Structure formats: structure tokens, C-alpha cells
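Let the hints inform the model, and build the full structure from the sequences given.
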Amino acid sequence: MSQSIPTGTRDILPDEMRELRAIEATLAGLFDARGYGEVATPTIEQSESLDAADGPGGSGYRFFDEAGTVLALRSDMTIPIARLTAHRFRPEEGPFRFRYEANVYRAVRPQRGQMREQRQVGIELIGPEAPGGTVEVMELLVGALDAIGLDRAVVGLGDSDLFGQVLDEYGVPADARHRLLTRLAAHDLVAIEEEVAELPGLADEQRRAIGGDALARASRRLADTYEGLEGAGIADRVQLDLGLLRELGYYTGAMFEVYDPALGHVLGGGGRYDSLLGRFGRDMPAAGFALYLERLHIAQAEEERLAGGDGS
Amino acid sequence: VNARPDQGGALSLALPRGSLFGPCLDTLDRAGFDTSEPRSDSRALIFDLGELTIVTVRPSDVPTYVEAGAADLGITGKDVLVEQADRTVYELADLGFGRCRMVLAAREGSDQLGEAERRLGSMRIATKYPRTANAYFERVGRQAEVVEVKGSVELAPLVGLADGIVDIVDTGRTLAENGLAVVEEIGVCTARLVSNRVAHKLRVAEIDRMVGRLREAARG
Chain A
1 MSQSIPTGTR DILPDEMREL RAIEATLAGL FDARGYGEVA TPTIEQSESL DAADGPGGSG
61 YRFFDEAGTV LALRSDMTIP IARLTAHRFR PEEGPFRFRY EANVYRAVRP QRGQMREQRQ
121 VGIELIGPEA PGGTVEVMEL LVGALDAIGL DRAVVGLGDS DLFGQVLDEY GVPADARHRL
181 LTRLAAHDLV AIEEEVAELP GLADEQRRAI GGDALARASR RLADTYEGLE GAGIADRVQL
241 DLGLLRELGY YTGAMFEVYD PALGHVLGGG GRYDSLLGRF GRDMPAAGFA LYLERLHIAQ
301 AEEERLAGGD GS
Chain B
1001 VNARPDQGGA LSLALPRGSL FGPCLDTLDR AGFDTSEPRS DSRALIFDLG ELTIVTVRPS
1061 DVPTYVEAGA ADLGITGKDV LVEQADRTVY ELADLGFGRC RMVLAAREGS DQLGEAERRL
1121 GSMRIATKYP RTANAYFERV GRQAEVVEVK GSVELAPLVG LADGIVDIVD TGRTLAENGL
1181 AVVEEIGVCT ARLVSNRVAH KLRVAEIDRM VGRLREAARG
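Chains A and B supply the protein sequences, listed in that same order. First residue of the first sequence? That's 1 in my numbering, and the numbers climb one at a time after it. First residue of the second sequence? That's 1001 in my numbering, and the numbers climb one at a time after it.
The set of hints was computed from the structure by calculation and includes no laboratory data. In this text, all values refer to a predicted model and were calculated from it rather than measured experimentally. No residue lacks a Cβ here, since even glycine has one placed at the ideal position from N, Cα and C. A few of these clues could be false.
Below, a sample of chain B positions facing chain A; criterion: calculated Cβ distance under 8 Å [said to hold, decoys possible]:
(1) Gly1187
(2) Arg1192
(3) Arg1197
Okay, the calculated bits of chain A under chain B, using three or more residues with CB under 8 Å as the criterion [said to hold, decoys possible]:
(4) 189–195
(5) 256–270
Okay, the calculated beta carbon distance ranges per label pair [to be verified]:
(6) B:Val1140 <-> A:Glu193: 24 to 32 Å
(7) B:Arg1139 <-> A:Arg109: 38 to 46 Å
(8) A:Arg305 <-> B:Arg1043: 25 to 33 Å
(9) A:Arg179 <-> B:Gly1160: 39 to 47 Å
(10) A:His87 <-> B:Gly1096: 55 to 63 Å
(11) B:Val1182 <-> A:Pro14: 45 to 53 Å
See the structure below:
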């Protein structure tokens, strides 16, 4: 009988488990105190409902049940919670504040040490619009990082609509637009330079300076959010970043990512998804974040090591 | 708007030990760094150049170090980045030097490749760059069985391991010495400056300045 487990999965033994649970307990206490009630959703969903939200390719794992229905493992908790909210509640009962701790499943590229199964801890705030809702979510995010000792962590704040709209404004053809956005997400600046140089429509000054209505709108949105963050006293923990792009398809407007100087990987992220609930039949603005539990744990350990001086 | 104070410490730059090492150090010289130590000491792996800490690694390890954040920045060939396209690093600048071509080559004056393709439906290709080779054949819609070797690729078609090779060529001398010739060009590769994703966010001002300096020095 095989003794091994699938690549990208792992067993967790008591010493590590105790520390992971301590992080979860701290975060759960904080989120509960702020009125975020815990929810759980099935690990498997109808593939159709995940796809409706994420576009094709949303889940890495699909299979048939005994009736021939296509089921899928969830790849995040935001879509299941959007589905839950749309199905179980009426909008006038809102706003809705939910928290979760759950395993999610991602397709991996072979031989890269990527995790197929990953534990996420997060919250969703459904109902409040930008910028107020965004500020509440980000305030809680910074509070969560502080509560687990990651007080050097920084939240990068960008705008998900910016680049698409700028490219539309310049009349960039659809295929080039898609290539440029893909390269922007990968931050391949060399390829972008080559691509832009070949686009016939773009005059020289446009290549060097972006401007126009799309940028003005995005800047306005960011400025409004930023004012709220200043009011909440957390602006110094937030770094405005017009170049921020995340892979998931459902974000609208504000979008963020969490970095800690002790770790070369992103600790989590989130943003607004104002049109996602509409796809489940309830049009409600929403925002939320997910933190990657195992990375929080590694960052905590690294910060402790740095604070204790090298080698200790 | 809200530049966060720098996280402290010099930026670290992973440099490839190999053919790009000299041109990298020349670029650093022109950017105003004193590279006499890395030039003279071939055994040390870490060098303190003031604003920059140099970490020397194998060329193909540069993306690994940078992706993990063990180095903030790195310089390596585009050939390495294409082969390791799944490593998440930000490609910030084309430094222009270290220019070479990724090619498909076979024995000169022989139609072994074409014949294998026609009669066997597939070519056997030896390479140190299996993903690059597979991606190329997939893109052009031809079947190939790619065999990965770690060195002396030129040997493979001579002893019957493969019908042809995919490799980088600089002057083409090694190919010619082994009786091989370029059949098709797959792409042109130059040295690229890459950065870690988190470092690029948290130390953006310092990194932007460093990119500007290195870029200008590489052009000079």
C-alpha cells in the first residue's frame, strides 16, 4: 500500500498544529469581537456555481457525482460565501459580516512545491459600499496582522479596474489588451515595453505618461479610500500601488495584498467584489480578505528569529 | 504619497557565476560600484559593495533565490527565465548584454531531423532546456521527443542519442567544431534584471533607483 500523500498536500503534527491553532484562535477572537460570525460551506460545490463567478478554470478539481452532476473543490471561500449570502438571506437583513477558517484547493504546477490544499482565514463584509466598507475591511486586516505579532506587515492597495479601462481609453485592440493585462499581472516589464512599442495606436507621449479619465476615476477611488484609512489611523500601514494586479477574476475597484519584510511571499489579499453577488441573483456590494495561515505562521517564526538576532 | 521608511540593510543582488559574470561586474563598475573583491576572490560567495550585497550563484539558480526573497534582485539570462517561466519573479529590465540565440541545431549537411519527422513522425531532441524546447515544438505544431541532458549537448546527435539539439549559441563556434549547424532560430536571449515580488513592493523606491542606475550603466 502506498505510504505517500499527494504532492502539494501535507500532514500536520502536534507542535505545528498547536501554533497554527493559536493563530486561528487569536484571529477568531478578534473577528468575533467585531461582529463577524463564523460560517462554513461544503468543501465541494456544484461546479456551475463556482464557474458562474470565476469564469472557466476556477477550480482545479472537478468530478462527477452518482447522478452525473459536475462537482468541484472550492478554490477560495469568497465565492461560496457570496453564494451562501445570496441564497440564505435577503438584502434588507444586511449588512452581513462573516468570518471563516477553511481549506481551499488550487491546481498546482508540477514540481514546484506549491500547495494543492491551503488553509485560509478571512472575513467578508457584504452590504457596505466603497469607501466605507473597504476601510472597515482594511482596518480589520491591519488589526489581524498586529494581533498575531506581524506589526511590520504592510498592505499594498491598488485598483483592479485601472489598467483595463486605461487600455480601453487608448483603443487598444482586444488581443493586445489581453496580452498586456496578462503581462502586467506577471509584472513582466520587458515584455510590456516590447508590446507597447509595437502597438500602432499609441503615440510616444502616451507610451511614457498615462492619464485620462480612467486614471482620474481610479485615483479618485483610491484617494477616497485613503482618506478613510487616514481617519482610521492605519494609513501608515498601507502602501498605494497602482501597479497591483491579482489573478482572481471577480475583483472590482479596491484590491489589496499583504507583505511582510521577513518573507518573500505574499501573506494574503483581498478587495472589493461588487458584482459577484449579482451573479447569484442578489446585487450587493462587498469586500473581504483572506490570509494564508501557513504563511502567517512562517512569517511569525521569521520575525521572531530576526527579533532575537541572527542564529538564536 | 506615503513612502514607507526603507526596511533597512543593503539591497541584495544575485549574480550568475558563468559567462554573464564578467559583463555583470562591468555594468556594476560603470554604475559606480567597486567590484575588485568579487573579481579577485573566486571562493567567497557573498560580497559587500556598500549599497549592494552581491550573492553569487549558478545562473539557473538566480530565479530560485530571487523568488524566495533570499535576494531582492537578480541578473540572469532570458534563456533561464523562459526555462523557469513558472518561477514568480518580476522582470524589470532588459540589460542588453549577454546576447545569444536559442536555436534548433543538427548535423551539418544531414537531413536527419527532417527525415525523422517525415518517416517517424517525431524528432528526438537533446537539450538542457526541456521546457523551452517542448513549448517551441508545441507552438509550431510539431512532434518531438525531448531528452534532457545536463551538459555537452553537442555530443547527443553525434553518438545517436538524438536527431538534433536545442541549445543557446553565442558565436556558433562550439556548434561548428562539432559539425553541427543551426536549423531554426527559436529566440534571442539577453541578460535581464529581475526582482522578488515582495521586495519590489516594500523597497520600491530603492529598487527603482537601482534599476535606473543599472540600466544606464548597461547601456553605456
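The hints, checked one at a time:
With a cut of 8 Å, the hint placing Gly1187 of chain B at the interface with chain A is violated, because the nearest CB-to-CB distance is about 12 Å. Contact between Arg1192 of chain B and chain A, as hinted, is supported at the beta carbon level, the nearest pair being about 6 Å apart and thus within 8 Å. Evaluation of the Arg1197 of chain B hint against chain A yields a held restraint, the C-beta minimum of about 7 Å falling below 8 Å. A count of 4 residues in the segment 189–195 of chain A with a Cβ less than 8 Å from any Cβ of chain B is obtained; the coverage claim is therefore met, three being the minimum.
Residues of the segment 256–270 of chain A lying with their CB closer than 8 Å to a CB of chain B number 8, which satisfies the three-residue condition for coverage. As the Cβ distance of Val1140 of chain B to Glu193 of chain A is approximately 26 Å, the hint placing it in 24 to 32 Å holds. Distance hint for Arg1139 of chain B and Arg109 of chain A: a CB-CB separation of about 18 Å, inconsistent with the stated range 38 to 46 Å. Remark: the range hint 25 to 33 Å for Arg305 of chain A to Arg1043 of chain B is upheld by a beta-carbon distance near 28 Å.
Take Arg179 of chain A and Gly1160 of chain B: their Cβ atoms lie about 41 Å apart, and the range 39 to 47 Å holds. For His87 of chain A and Gly1096 of chain B, the hinted distance range of 55 to 63 Å is satisfied, since their beta carbons lie about 57 Å from each other. Between Val1182 of chain B and Pro14 of chain A the Cβ separation comes to about 60 Å, which falls outside the hinted range of 45 to 53 Å.
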